[in-house]
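As given, the protein sequences belong to chains A and B, one line each in that order. Heads up, the first sequence is in our numbering, so the first residue is 1 and it goes up one at a time. Heads up, the second sequence is in our numbering, so the first residue is 1 and it goes up one at a time.
Hints are not guaranteed to be accurate.
Given that identical chains are not distinguished, each listed pair holds provided it fits within a single copy or across any two copies.
With a straight-line Cα cutoff of 27 angstroms, these simulated DSS-like cross-link-like pairs (lysine-lysine) come out [as the list claims (entries may be wrong)]:
1) LYS242 x LYS78
2) LYS32 x LYS274
3) LYS78 x LYS165
4) LYS85 x LYS58
5) LYS212 x LYS85
6) LYS202 x LYS81
7) LYS81 x LYS32
8) LYS211 x LYS259
9) LYS259 x LYS85
10) LYS207 x LYS174
11) LYS85 x LYS242
12) LYS211 x LYS44
13) LYS40 x LYS259
14) LYS165 x LYS274
15) LYS207 x LYS235
16) LYS202 x LYS153
17) LYS147 x LYS44
18) LYS212 x LYS275
19) LYS274 x LYS212
The hints are simulated quantities; they were obtained by calculation from the structure and are not laboratory data.
Below, each chain spelled out in residue letters.
Protein chains: 2
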Amino acid sequence: MMRFIIFGAGALGSLFGALLSTRHHVLLIGRKRHIKAIEKNGLKIEGKTKGIFYPETKWDGKKYDLVILTTKSYDTKKAVKQIMKKFGRIPILSLQNGLRNEEIIAEMLGKKYAIGGITSHGATFLQPGIIFHAGEGDTIIGELNGKITKRIKEIAEAFNECGIKTIISKEIKKEIWKKAIINSAINGLTSILKCKNGDILKNRYAKELLKKICIEGIEVARAEGIEIGEEIVKKTVEVAEKTSDNISSMLQDLLKGKKTEVDEINGEIARIAKKHGINAPLNEFITYIIKAMCGIWVDLPLIQSRRGP
Amino acid sequence: MMRFIIFGAGALGSLFGALLSTRHHVLLIGRKRHIKAIEKNGLKIEGKTKGIFYPETKWDGKKYDLVILTTKSYDTKKAVKQIMKKFGRIPILSLQNGLRNEEIIAEMLGKKYAIGGITSHGATFLQPGIIFHAGEGDTIIGELNGKITKRIKEIAEAFNECGIKTIISKEIKKEIWKKAIINSAINGLTSILKCKNGDILKNRYAKELLKKICIEGIEVARAEGIEIGEEIVKKTVEVAEKTSDNISSMLQDLLKGKKTEVDEINGEIARIAKKHGINAPLNEFITYIIKAMCGIWVDLPLIQSRRGP
């Protein structure tokens, strides 16, 4: 039995916490209202996973094996600081969006405490205590130095035995880049167009932009020393197809008037490009325009009629 | 007295036709419902200009001195063809948006028949027969070869004596570029952000993009052999300020589900860049995303809350 902390138990963190709690010790740390609801009625999961789960919500004072970090990526620094203060130095596995989380963890705690990860499970927060498991997908984890360590095997095994299909990668940074590129295109475009993921594929101009954004991402990754092939374009189209009825997390944030992760996804790609003396104008434009969208009160009527592309 | 045809008498064309009809012979050619309403009740102008005007709506069979072309820029070719067929070769003054109108006229009719022009009058179509004159501004006209000809002086004089403040330019192509760059930024951003012109200036990210789009336009103009200084950024900000409560023509089209002029403004800048082997990624992105907006049915709720930039 492993001992996990889920730090930032929103939709995804709660889903992981619920599944892991069936065979492991799990401490959920999240918003007060959500935790209170779980203490009262348990953690209810609907959708692909169905059940009521009972993770811990209070620290028993003993040591943990791993923190699974699932906060928004703009909160990573703050989260690591809080974890350090309360629990001391424990390995942290980031399952967040964005490109810099495991680097921030490594800088703050030391390299050996950082573990990289991505997941393509989809989950949405229905109400305090209740999560919707929208879509299943792989989870990929890996040590930053690429080694297949004892702990990474233990984590993967714990995840797998709880129904979280998990693969160990020797190139986790590359996997993180791939996910960031996919997100940069799908989240970026659906947020600007205010459409569902699948709608991008129904319009040839949007589809063309999806391709251009991916290719820009490939070039920036290459400048950073990470080779990602053009098949990422196809993969992005596949993800948009597979999640066609979903509203991307960035658009969800935008519609709720919340801060988005555009700075940590598209903005980070643009910053890395600059660092290497190249440009990423599309990612830069997307970053600025989505930040502008957060700041401008939109009081005009919506587009009412459809025109063929 | 001069004899004018207004071809494509929408909001702007009707305004010019109304004003010119007070001292000149004006034939209005426009949509059937609009023309029918004018025949019945006259052409009513509200706003900065107030009155009922009586331009002609039927050809008296005599020759005209000038066609003033005010169709949408994606209809220029079709319009010139119709003009040629019905009235033969007459000089055509384009007061349209976009970068290629006078070139299309020159290619189709011969160089000496094309006259370039821009105007910053604002007008909106209220209903058939009724136009709102939203804002006054300069009109600039010029021969493509830069010469101050007899006809250009006559046209400017006719315009001025009817209250249309008009300047003759020896560098009309440069003026057309300036207006296109201003439009590329203001129309482009307000269409994506679905906001009024002035809202761009209230948000630092949107304002930064406005600047970047202008600078990209300056670079493409330079590649085309036209020197436009960085003061165009300031000028664009001024235009957005002066028209802060206006909904840009591109956004109006988008909101009505009509075809926009993005291809003739931003798209043309991107195409000219390509022709010279440079890139205009922002204008290209804007072109694609606005064309995607026309094609995607937006059925999501609007952004509801405001966040500081």
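Looking at the structure, which of the earlier hints fail to hold? 1, 2, 3, 5, 6, 11, 12, 13, 14, 16 and 17
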